[in-house]
Amino acid sequence: MHAENNGPSRPRRNIWRILGWGGAVALILTPLVAMQFTTEVNWDETDFIVAAIIFGILGGLIEFAVRLSSNWYFRLGSMFAVLAGFMVIWSNLAVGMIGNEDNPTNLWFGLVLLIAIAGSIASRFRRRILPQAMLVAGIVQINIGVFAGILGNDARGGRFTIVLSVAWLISSLLFWLANRSAQTKS
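For reference, each letter of the sequence shown is one residue, going 1 to 186 in this note's numbering.
Everything labelled a hint here was simulated from the structure, so no lab data went into it.
Hints may be right or wrong, so weigh each one.
[What the hints assert, rightly or not] Distance condition first, Cα-Cα at most 20 Å in a straight line; then the derived SDA-like pairs of lysine to any residue: (1) 185 / 68; (2) 185 / 169; (3) 185 / 72.
[To be verified] Using C-beta positions, here's what the derived DEER-type ranges look like: (4) 183 / 111: 19 to 25 Å; (5) 44 / 183: 19 to 25 Å; (6) 42 / 64: 16 to 22 Å; (7) 42 / 113: 37 to 43 Å.
Ideal Cβ positions, reconstructed from N, Cα and C, are used throughout, including at glycine.
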């Protein structure tokens, strides 16, 4: 005999999902708390709206990636790619990666995002093309850091740019491992 549960089914809660969205809310609220204790943080309503939109898109993209594949390499590769894109956007909006946020050189980072997004769309979010797209995005970002930053007029910004490009390279490696693990299962 099997016991039947005729009561309403409870949705299964995923601790990672709760931590992810809770972390996003905490990050958005951090400047609000900081503004109570210092004048160095001075966000207005627009800053909070932009942050909420960016974190909403970030969380949505991660949720999308998790639903696309049960392969952990693919999921982690997707998360690194999304976080790399986030860091490029956030850094440029906040202070600029090369010089300040008004430096036109920072527009070159749009090319990095375009490569990553176009590669993802071209691959239809499948594993085949993603390693190459993220590798190219990382290499382009490194080149921007070297030529515009270090060889240009902002060595600090150039080094910062190169360090952030490591996330694209890690993403590429994880997508490559996802391909490899999928091939060994076939």
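Which hint numbers doesn't this structure obey? 2, 4, 5, 6 and 7
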